[in-house]
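**Q** For reference, the chains in residue letters:
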Amino acid sequence: MDISNSIRLAKRNILVNTDPGTLVFLLMMPTLYLVFMGYMFGSLIGGIAVGSSKIAYMNFLSPGIVSFQTLTAGAVAGGMLWSDRRYGMFEQILSCPYSRAEYLLGIMFTTIALAIFGAIIMIIISSLLIGGITFGLAGLGIIMLNLIVGSIFWGAFLLALAAISKSNQMYNSIQVIILFFASFASTVFYPISGSTPAALRYTVALNPLTYIADTVRDGYISLFNGSLIVDELILLFATIVMFMIALLSYRTIKIGVK
Amino acid sequence: MDSDRVVDVEDLRFTYGSGRYALDGISFGISKGEVFGFLGRNGAGKTTTIKVLTTLARPASGKATVLGHDVRHGGKALRSKIGVVLQEESFDFTTVEKSLDIYGVMWRIQKKERERKIEELLSFFELEDARKKRMWDLSGGQKRRVQVAREFMHDMELLFLDEPTVGLDTITRRKILDMVNEKTKDGLTVFFTTHNLEEADYICDRIAIIDSGRILANDTVSALKRSYSGYKTVEASFSHDGADVDGMLASIPNIRIERPVNSGEPFKLIGPEAEETVKLIIEKSTKNGIRLEWLNIHPVTLEEVFLKAVGAAES
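Residue numbers (this note's numbering), protein chains in the order written: chain A, 1 to 258; chain B, 1001 to 1315.
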């Protein structure tokens, strides 16, 4: 496998997919969440306990929205595979000197690039709303690591969905439900407390976005403890499993067969 | 294997898993610089053959090498030397110009060279006015032109064209065929599938006729015409006023005469020496005072060859 081929395909993906529609999807929705939820809930909630400290709601929401970028970037990735399949470019690219693995890696690189780009924009907007955000080098490292792992998870998840979807409508409908479910059944927007109904607590605990949001939040406030390591391990395990599932689904895409 | 051989296929089989072979033991070869036509009905196996030869589909058995690479293992090395215009629509959601540029990027063409090629191709395929249009705003014919043009963004040794002229007007179709012809002078080999037998006749050096996954005929265009139709047809109309046209035509040796069924239709004289028949018709009609109104040598068409080959296989 030639990594430079995957980078070339990632460049192609970005050139093809960075139309205004994609950018609105990638940036507008999280920005609206940040502004509306940040100000609306921020005025109602005094502060949220994270670790031993208590932080303002906007400071809680900002890392949540940054981690949310992994989900939106993953959705764009799945859309890329679907669109390439639907409009013949998947087969056309594979008739060029590119392997299936390079194509897959190209989409993963694109997802990571879009997630990091989206995260940077969200950090800038948050910083303007909060009045400055600072984090240490280790914190930045944790944020970057989890953005990368998180985008691989969601990229793989939505890629698998795109690989098995029989129609555009099917892919889009399921993707919207997943986006809605995964973002609200997580700790992106609010913390989980003892008073949260048990069913919801378990759902949130099973959602990888919870771990991405929690670890990014830990990176924001430089909270490095045992819980961070456990979260990282769970996230890594989930990502490896999801990547394997995506790989299997992706291999079932038959080309040249009508 | 012949050193000049670009494609070598031997007893190739492919199945979609239904138990029936979509390719049922086909064998053929293509030499360098040749335009090889693959003719067949819908579902005959033309596209499947292209997909196997371009490594997009894996054969069940048999042997196929393209530019020295086995299709089973050649993969990227094989595909780096070929161009493929697939039958199905394929496009990126971007403008015509950007679409060509991105394809050039994928083929590692340098920026300056890409810019030069884009201008050349937009002009040749008459897409200059559409350069800023998005692909989904184009007509079917324009999309097809972009798809063919895109493949010329990069150099290649062998070009697969799967029904490239479907939906194109006559002038554009002829331009594409002429461009392909021009490229073969520089050594490009072309594998060309089509339903349009006229264009196959125009462009192909050699033709294989495929039906139900089997090759029924494979030869040069002229040899196929000779072997399947045998004789040319001379068509002639006379203004006779009671003159003995039948008697005059009966005196011409080695021909079979088909008399006109309706008034206004010509006599059809079928035989091995059309030119000699024409000469005798002129001589004899002049001698017998029969006015020759119209005379034509009807060439054997590829359509006749195709219908006979498929008909023979069916019967």
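If you are wondering where the hints come from, they were derived from the structure by calculation, not from laboratory data. Built from N, CA and C at the ideal position, the CB exists for glycine as well. Fair warning: there could be bad hints in the mix.
To give an idea of the chain A side of the interface with chain B (calculated C-beta under 10 Å), a few residues [as the list claims (entries may be wrong)]: (1) Leu9; (2) Leu15; (3) Tyr87; (4) Gly88; (5) Gln92; (6) Leu94; (7) Ser95; (8) Cys96; (9) Leu247; (10) Arg251; (11) Lys254.
Computed cross-link-like contacts, DSS-like style, restricted to lysine-lysine with a CA-CA straight-line distance of at most 30 Å [what the hints assert, rightly or not]: (12) B:Lys1132 / A:Lys254; (13) B:Lys1111 / A:Lys254; (14) A:Lys166 / B:Lys1076.
**Q** Does the CB of Arg251 (chain A) sit less than 10 Å away from some CB of chain B?
**A** Interface hint status for Arg251 (chain A): violated (13 Å vs cutoff 10 Å).
**Q** Does Leu247 (chain A) pass the interface hint, meaning its C-beta sits closer than 10 Å to a C-beta of chain B?
**A** Since the shortest Cβ distance to chain B is 18 Å, the answer is violated.
**Q** Mind checking the CB of Leu94 (chain A) against every CB in chain B and telling me if the closest is under 10 Å?
**A** Nearest chain B Cβ about 6 Å off; hint holds.
**Q** Is the interface hint satisfied for Lys254 (chain A)? The criterion is a beta-carbon contact with chain B at less than 10 Å.
**A** holds, 9 Å
**Q** Is the hinted pair Lys1132 (chain B) and Lys254 (chain A) satisfied, with a Cα-Cα distance of at most 30 Å?
**A** violated, 33 Å
**Q** Would you check whether Gln92 (chain A) satisfies its interface hint, that is, whether its CB is within less than 10 Å of any CB in chain B?
**A** Constraint on Gln92 (chain A) satisfied, holds at 4 Å.
**Q** Against chain B, with CB atoms and a cut of 10 Å, does the hint on Ser95 (chain A) hold up?
**A** Holds: closest Cβ of chain B sits about 4 Å from Ser95 (chain A), inside 10 Å.
**Q** Grab the minimum C-beta distance from Gly88 (chain A) to chain B and call the hint holds if it beats 10 Å, violated otherwise.
**A** holds, 3 Å
**Q** How about Leu15 (chain A): closest beta carbon in chain B under 10 Å, or not?
**A** Given a least distance of 5 Å, the restraint on Leu15 (chain A) holds.
**Q** Are Tyr87 (chain A) and chain B close enough, Cβ to Cβ, to be under 10 Å, as the hint says?
**A** Since chain B brings a Cβ to about 6 Å from Tyr87 (chain A), closer than 10 Å, the hint holds.
**Q** Could you grab the alpha-carbon distance between Lys166 (chain A) and Lys1076 (chain B) and see if it respects the 30 Å cut-off?
**A** holds, 28 Å
**Q** Using the nearest Cβ pair, does Leu9 (chain A) come within less than 10 Å of chain B?
**A** holds, 7 Å
In summary, the structure is inconsistent with hints 9, 10, 12 and 13 from the numbered list given earlier, while agreeing with the others.
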